[in-house]
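*Asks:* Chains as they are written, first to last, in my numbering: chain B, 177 to 404; chain W, 300 to 549.
It should be emphasised that the hints constitute simulated quantities derived from the structure, not laboratory data. You may find that some hints are simply not true.
Unchecked claim - Which stretches of chain W does chain B cover? Using the computed rule of at least three CB atoms under 8 Å from a CB of chain B, they are:
id, stretch
1, 353-359
2, 380-390
3, 475-484
Unchecked claim - Listing some non-contacts, in silico: residues in chain W with all C-beta distances to chain B over 12 Å:
id, residue
4, 316
5, 331
6, 446
7, 525
8, 526
9, 533
Note that the Cβ used here is the ideal one computed from N, Cα and C, for glycine as well.
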Amino acid sequence: MHIYNTLTRRKEPFTPLEAGKVSMYVCGMTVYDYCHLGHARVMVAFDVITRYLRERGYDVNYVRNITDIDDKILKRADENGESITALTERMIDAMHEDEARLFVLPPSHEPRATGHIDDIVAMIETLIEKGFAYAADNGDVYYRVRKFADYGKLNNRQLDDMRAGSRLMWMFIKKTRSISCSGRQPNRGRRTGRRPGVTAGLAGTSSARRCRPAAWVTLSIFMAAGRI
Amino acid sequence: MSTCCLGDTFDIHGGGPDLTFPHHENEIAQSEAATGKTYVNTWMHAGAVRVNQEKMSKSLGNFFTIRDVLAEHDPEVVRFLLVASHYRSPINYSVDSLTEARKSLTRLYTALEGLELGAANSDDASAYRERFTQVMDDDFNTPEALAVMFELAREVNRAKQEQPNEAAKLAGELKQLGSVLGLLQQEPQTFLKGTQQQGMPLSESEIEAKIAQRIEAKANKDFAQADAIRDELAALGIILKDSREGTSWY
C-alpha cells in the first residue's frame, strides 16, 4: 500500500509502527454550528480510508476529536443566549445525525477538549520547562518558534520568510481558569487567575450540575516569532 | 489529545486542506518539542469543496450545511459524489455533479436489482477484487475503484438473462466491494424508488394507475397510447420495465 504524505510530498509505502495495526487521528469539528459540506468531505474521505484499511486486515484505531471549547463557541452561545454546554451538546448530536445519514461509521474514539484539559495544561507546562514556551505578563503563554529547528517542515516554509506578527504567525496558548455555569460568558478582558465572583456563581446556580470548573485552553496555538 | 488514545507517535494524521498551515505545523512543533519524538509519520490532507466552482463562503451565499444538502438530495447520492473524487482532489458541488452522481449510483443499484445476492467475502479471488485492491492500495484511488465496480455491474447485467446464478454471484461481489466505500448496502428497490420520490411529480398510486391504463391500452392493441403513457412517465423521470411478471417502475 502507498500513501501520499504531505510532509514529504510524495507517495510512500505504508509501514505501520505496529504490524497489523494503524493508529490514525483526524482533526474533528469545533462544535459551534452545523457541519457543512467541507466537513462532510473530510468525514467521508477518512471513513473510506478506515473501511479500506480494515478490509486489508488492519486493526484501525481511529481517533477524531471534538473541539467543544473555543472562542467561536463562547461567542455563539452568547449570541444565542444559551450555555456553552447546551450549544455544544446540541451541535454534537446534530453532527452525529449528519454522520449517520451519510453512512459514516463512528470513529473508535471521539475525545472532547473539555475532557482533556489536564493533559493540555501538562503539555504546556512541559513546553515551559523545556524552554520552548514562556508565560507573558498577561498570563498568556507564548511558544518560541525559533527554538524549534524543524518549524515549517510540513509546509516547506522557512522561518525567516515568515512575517513576525502577521496573523498566521501568531501562536499563543491561552491558559485560563474560568467558570461559566450561569451561562454568562467569562470576562474576556481578564485572563489570569480565578475570578472571585465566579465561585459564588458556581455555588448558587442550579446549572452548576451541568458544568464544572475547568481550566480551559484554546487549542489554536499562536507563536511569537521575532520576539525571542 | 492524541496522546491519550494514540501515544506520543502515531501512524497517520488527517484533516482538511486549510489546516496544513499554521494548525498542523503548530501541532508538530508543540508535540515534538514536548515529547522529543516524531509526532506523526504520515500526514494526509483531503481536498477542498467548491460550490459551482467557487470557494464555499457565507458571503458568496453558496454556503451549505449537510442538513441543507440532505433536505434536497438522497444521502447516498451525496456520499457517492464525495467518494467519486480522489480524497486529495478538490470536489465541485453543483446540480450537474449531483445529477451525474445520482445517475451513476442508479446504474450500480439497477445491476443489483432483482437478484438473490450470493454472499461474497473478501477471500474470494476474482479479477475485479484484485484490480479493486490494486487501485485502492495506490493512495486510495476511489475513482478507479468505482470504475472497476462499473465494469463489474456491466458483467452482472450481461449475465442476468442467461446465467442468473453467475449474475447473483457477481452481484454479491459488487455489493461487497461497495461496502468498502460505504455504498450499495440498501435494498436496491429502496434506493431506486427513493431517489425518484424526491421531488416526484406523481404519487405511487398515480403511477400504478398510469401503468394500469397502459396495460389496458396494450390489451386493446392501442400501442400508440401505451407508448405515449410510457414516454409521459419517462419525461417525469419514471422508467418502466416490462417483464414476464408484469411491469415494474423506478
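*Asks:* Now look at each hint and say whether the structure bears it out.
*Replies:* Verification of the supplied hints:
1. With a threshold of 8 Å between beta carbons, the proposed coverage of the stretch 353-359 of chain W by chain B is violated, since 1 of its residues qualify and at least three are required.
2. Only when three residues or more bring their CB closer than 8 Å to a CB of chain B does the claim for the stretch 380-390 of chain W stand; here the count is 5, and the claim holds.
3. Coverage of the stretch 475-484 of chain W by chain B holds [criterion: at least 3 residues with CB-CB distance below 8 Å; count 6].
4. Against chain B, the non-interface label of residue 316 of chain W is violated: not every CB pair exceeds 12 Å, the least being about 9 Å.
5. With a minimum CB-CB distance of about 7 Å to chain B, residue 331 of chain W fails to clear the 12 Å threshold, and the non-interface call is violated.
6. Interface exclusion of residue 446 of chain W from chain B stands, the closest Cβ pair being 15 Å apart, more than 12 Å.
7. Even its closest Cβ contact with chain B, about 40 Å, leaves residue 525 of chain W beyond 12 Å, as expected for a residue assigned away from the interface.
8. Here residue 526 of chain W stays apart from chain B, with its beta-carbon at least about 39 Å from theirs, past the 12 Å limit.
9. Against the 12 Å criterion, residue 533 of chain W stays outside the reach of chain B, whose nearest CB is about 30 Å from its own CB.
Going down the numbered hints, you'll see the structure goes against 1, 4, 5, while the others check out.
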